[in-house]
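Colleague: Knowing the structure of chain A, use the given hints to seat chain B on it.
Chains as they are written, first to last, in the working numbering: chain A, 1 to 112; chain B, 1 to 115.
Since the hints were derived computationally from the structure, they do not count as laboratory data.
For glycine and all other residues, C-beta sits at the position ideal for the given N, C-alpha and C.
Treat each hint with caution, since some may be false.
To be verified - Taking lysine-lysine and the DSS-like style, the derived pairs with C-alpha atoms no more than 25 Å apart in a straight line are:
no.: 1; chain 1: A; residue 1: 9; chain 2: A; residue 2: 40
no.: 2; chain 1: B; residue 1: 58; chain 2: B; residue 2: 102
no.: 3; chain 1: A; residue 1: 36; chain 2: B; residue 2: 58
no.: 4; chain 1: A; residue 1: 38; chain 2: B; residue 2: 102
no.: 5; chain 1: A; residue 1: 36; chain 2: A; residue 2: 53
no.: 6; chain 1: B; residue 1: 102; chain 2: A; residue 2: 22
no.: 7; chain 1: B; residue 1: 58; chain 2: B; residue 2: 69
no.: 8; chain 1: B; residue 1: 102; chain 2: A; residue 2: 40
no.: 9; chain 1: B; residue 1: 102; chain 2: B; residue 2: 49
no.: 10; chain 1: A; residue 1: 41; chain 2: B; residue 2: 102
no.: 11; chain 1: B; residue 1: 102; chain 2: A; residue 2: 53
no.: 12; chain 1: A; residue 1: 40; chain 2: B; residue 2: 49
no.: 13; chain 1: B; residue 1: 49; chain 2: A; residue 2: 41
no.: 14; chain 1: A; residue 1: 36; chain 2: B; residue 2: 102
no.: 15; chain 1: B; residue 1: 68; chain 2: B; residue 2: 49
Stated by the list, open to error - Partial list, computed: chain B residues near chain A (C-beta under 10 Å):
no.: 16; residue: 9
no.: 17; residue: 14
no.: 18; residue: 38
no.: 19; residue: 103
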Amino acid sequence: DTEVTQTPKHLVMGMTNKKSLKCEQHMGHRAMYWYKQKAKKPPELMFVYSYEKLSINESVPSRFSPECPNSSLLNLHLHALQPEDSALYLCASSQGLSNEQYFGPGTRLTVT
Amino acid sequence: AQSVTQLGSHVSVSEGALVLLRCNYSSSVPPYLFWYVQYPNQGLQLLLKYTSAATLVKGINGFEAEFKKSETSFHLTKPSAHMSDAAEYFCAVSFPGSSGDKLTFGTGTRLAVRP
Numbered sequence: 001d002t003e004v005t006q007t008p009k010h011l012v013m014g015m016t017n018k019k020s021l022k023c024e025q026h027m028g029h030r031a032m033y034w035y036k037q038k039a040k041k042p043p044e045l046m047f048v049y050s051y052e053k054l055s056i057n058e059s060v061p062s063r064f065s066p067e068c069p070n071s072s073l074l075n076l077h078l079h080a081l082q083p084e085d086s087a088l089y090l091c092a093s094s095q096g097l098s099n100e101q102y103f104g105p106g107t108r109l110t111v112t
Numbered sequence: 001a002q003s004v005t006q007l008g009s010h011v012s013v014s015e016g017a018l019v020l021l022r023c024n025y026s027s028s029v030p031p032y033l034f035w036y037v038q039y040p041n042q043g044l045q046l047l048l049k050y051t052s053a054a055t056l057v058k059g060i061n062g063f064e065a066e067f068k069k070s071e072t073s074f075h076l077t078k079p080s081a082h083m084s085d086a087a088e089y090f091c092a093v094s095f096p097g098s099s100g101d102k103l104t105f106g107t108g109t110r111l112a113v114r115p
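Here chain A stands alone, though its shape is the one from the complex (with noise of 0.2 Å):
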């Protein structure tokens, strides 16, 4: 099982709101990953957690705050977002020296 999930799907949100995105897996990957993802570019890597602990922080403003509860989940709060910060978040595993990675189908977030 290759399986990453994500939710919610779609989230709309204020700019003064405060919201969380969650993923999971259950892969035993050791690697979790957020990334942002603008319309017709690439994902640009966010954090990436290794063995729980964060190892990678892509110089992300700190209203998007990335926690790991556990070595299943992943989460992502935002709080006091900008309109532009509106894009699809996306979150994947991995596990192994090739880096292969695992995605979930994503959350489609609107800032209003």
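Modeller: Coordinates of chain B only, in the frame set by chain A:
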């Protein structure tokens, strides 16, 4: 610098024709190479990967790719296009022993299939 380049942001083929999507990489060490497909409003699906075993790699949905070190290429092919192949395709690369767990993506190629 290590990078990946996809030539052609848009490719259009007729149904039943050969599909060829180009990917070149730049690296001082042998890379791991991947092709992903993305359908509208969906996540990325792994089509195939090269990890230094066989240079001709077969993937899902009839796609295959050949790693050519002399040309630093990893082009994706399919002998006969189907309407359901219309999607965005991303070539990606990771480099063993560097950059931690990062994948570097190409800019993508949108494949259109004409009836």
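Colleague: Mind listing which of the numbered hints don't hold for this structure, in increasing order?
Modeller: 3 and 17
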